[in-house]
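Q: Based on the provided sequences and hints, a complete structural model is requested.
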Amino acid sequence: MPAICHRARLPGAALLAAMALAAASPALAGEAPPADGLAISGQIRLRYEVIDGQARPNANRTDQLINTRATIKAAWTKGPWQVVGELWDARVFNDNPGTPITTGEINAFELVQGYVGLDLPGRLGKGSKLNVRVGRETLNIGSRRLIAADDYRNTINSYTGLHAEAQWPSGWRASLVFTLPDQRLPLDRRGMHVHRFAWDHEGFDLMLWGGFVGKVISAKGARVTLVEAGLLHLGERDRPDTPTRDRSLNTSSLRLAAEPAPAHLDYELEGNYQWGEEATVMAPNAPLLPVSAGNLHVRVGYTFADKAKTHLTAELDYATGDTPGGTITRYDPLYATRRNDFAPAGLYNVPYRANIIAPGLRLEGAPSKRFDYLLTWHPMWLANAHDMFGSSGVRDAAGTSGTFAGHQFDSRLRYWAVPRRLRLEFDGVYLAKGGFMQTAPNAQPGQSTTYGSFNVTAFY
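As numbered in the UniProt record's numbering, the sequence shown has no gaps in its residue numbers, which increase by one up to the final residue, 460.
If you're looking for bench data, these hints aren't it; they were derived computationally from the structure.
Even for Gly, the Cβ is constructed at its ideal location relative to N, Cα and C.
Treat the hints with care, as some may be off.
Taking lysine to aspartate or glutamate and the EDC-like style, the derived pairs with C-alpha atoms no more than 20 Å apart in a straight line are [to be verified]:
#: 1; residue 1: Lys309; residue 2: Asp372
#: 2; residue 1: Lys307; residue 2: Asp372
#: 3; residue 1: Lys215; residue 2: Glu268
#: 4; residue 1: Lys309; residue 2: Glu268
Quick list of simulated restraints, FRET-style, between CB atoms [what the hints assert, rightly or not]:
#: 5; residue 1: Ala314; residue 2: Phe426; range: 56 to 62 Å
#: 6; residue 1: Pro441; residue 2: Leu124; range: 54 to 60 Å
#: 7; residue 1: Trp168; residue 2: Arg196; range: 45 to 51 Å
#: 8; residue 1: Pro287; residue 2: His264; range: 48 to 54 Å
#: 9; residue 1: Val281; residue 2: Arg370; range: 34 to 40 Å
#: 10; residue 1: Leu422; residue 2: Phe93; range: 20 to 26 Å
#: 11; residue 1: Asp188; residue 2: Asn340; range: 28 to 34 Å
#: 12; residue 1: Ala366; residue 2: Leu296; range: 28 to 34 Å
#: 13; residue 1: Leu422; residue 2: Ala283; range: 47 to 53 Å
#: 14; residue 1: Leu363; residue 2: Val50; range: 23 to 29 Å
#: 15; residue 1: Trp199; residue 2: Phe426; range: 31 to 37 Å
A: Dropping the structure here:
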């Protein structure tokens, strides 16, 4: 576990918050509530990742990085009350000035959860369930394509505010949030490199609020089929020491999904539309432009009736890119997860839910209780030739480099060396670059990118 005590002492007020504020609430959908008392849990993860033929500009073409992540979570339950505090310490080693490190990899000694939860059964009618949480927490809501806590990434998103979840016997469910997304600190390269301690910032300069309402429409006892609608607002403005794009974005969402089941087809259709206004540059008093952007995810899958529950999926992801003119049309994925639909972050970090068209095939299964695998193939295009592809940083403002980004092959293998205690994981990506990723003005030389990561995680 990385040494953290020499960086900074925990301030008294923050220590009190860590002890007094809240906690992981029980899931509403059928899980038994935790037993009364105190539970301590956590994990220590060591990751070694290596890349050859880096696709992102201004970064080492060949690089290797060591990531460490140590967490500890204390959860106290008494009847309907839950009180939880969770600390994370995420660091990297072996980086140099050409290594693309960000707060996605580094967040030294941070209280990522600290909130009070209260169960209120029957308050919304007979058989209803309601849980209200106040404080700082990590969130996974709906499909996780708007609000998520990405587990692959070395750091995690957390949000401070109010979160309520409700469920009714008729199949209706709802999740409402009013939060201040936590902004990880420090932001300067030197501060990240030396793992300088700084409490993450939350404030009314960045607000996220809204909610999702859904209904299970399948018959009782059948596999779950869900229809869900959502609306979120993100409001952002400059603060004295940090200029921003002053985003004021509304995102509406509609999703229809059927869960996988052996010998059955499953499917998911999700569409998001985004409007509002934002600036194109992070400068004080930059002019605001209107926003009109969208995102679509479609998948159809089949689970074979074999021991491994082999699941084959055909899928399509589309997110708009920015067009020249007076309206911003690049889709903003807010706080979405990346790994589930695309590929690992870390040193690779190329495709994302912005300016992308990516059909694909996905094969996954679990031949035993200890081993599971994932294999994907995605040919990828730019939705708009003038905009940056995904989060790669590669762009041709003139739009003369074409739109084909390349073929991406992704794999993940996981094995429980000690069940529930020690897990091994390998993630590998091969990107055969298309014309755009080879000829755009700031494209890195080379015809391919190869990425691999080896992970050892101990749970307690």
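Q: State for each hint whether it applies.
A: Against the structure, the hints come out as follows:
Between Lys309 and Asp372 the alpha-carbon distance is near 10 Å, which keeps this suggested pair within the 20 Å criterion. Straight-line distance between C-alpha atoms of Lys307 and Asp372 comes to about 12 Å, which keeps the hinted pair within the 20 Å bound. About 15 Å separates the Cα atoms of Lys215 and Glu268, which keeps this hinted pair within 20 Å; it holds. Note on Lys309 and Glu268: the hinted pairing holds, with a Cα-Cα distance of about 19 Å set against a maximum of 20 Å.
The supplied range of 56 to 62 Å is broken by Ala314 and Phe426, whose beta-carbon atoms lie about 25 Å from each other. For the pair Pro441 and Leu124, the supplied restraint of 54 to 60 Å holds, since their beta-carbon distance comes to about 57 Å. For the pair Trp168 and Arg196, the beta carbons lie near 48 Å from each other, so the given range of 45 to 51 Å is met. Between Pro287 and His264 the beta carbon distance is about 52 Å. The supplied range of 48 to 54 Å therefore holds.
For Val281 paired with Arg370, a C-beta distance near 50 Å fails the hint of 34 to 40 Å. Checked against the given bound of 20 to 26 Å, the beta carbons of Leu422 and Phe93, roughly 22 Å apart, stay inside it. In this structure, Asp188 and Asn340 meet the distance hint of 28 to 34 Å, their C-beta atoms being roughly 31 Å apart. Separation of Ala366 from Leu296 is about 29 Å and conforms to the stated range, judged on CB atoms against 28 to 34 Å.
As the Cβ distance of Leu422 to Ala283 is approximately 49 Å, the hint placing it in 47 to 53 Å holds. Checked against the hint of 23 to 29 Å, the pair Leu363 and Val50 passes, with Cβ atoms roughly 25 Å apart. The hinted window of 31 to 37 Å between Trp199 and Phe426 holds, with their beta carbons roughly 35 Å apart.
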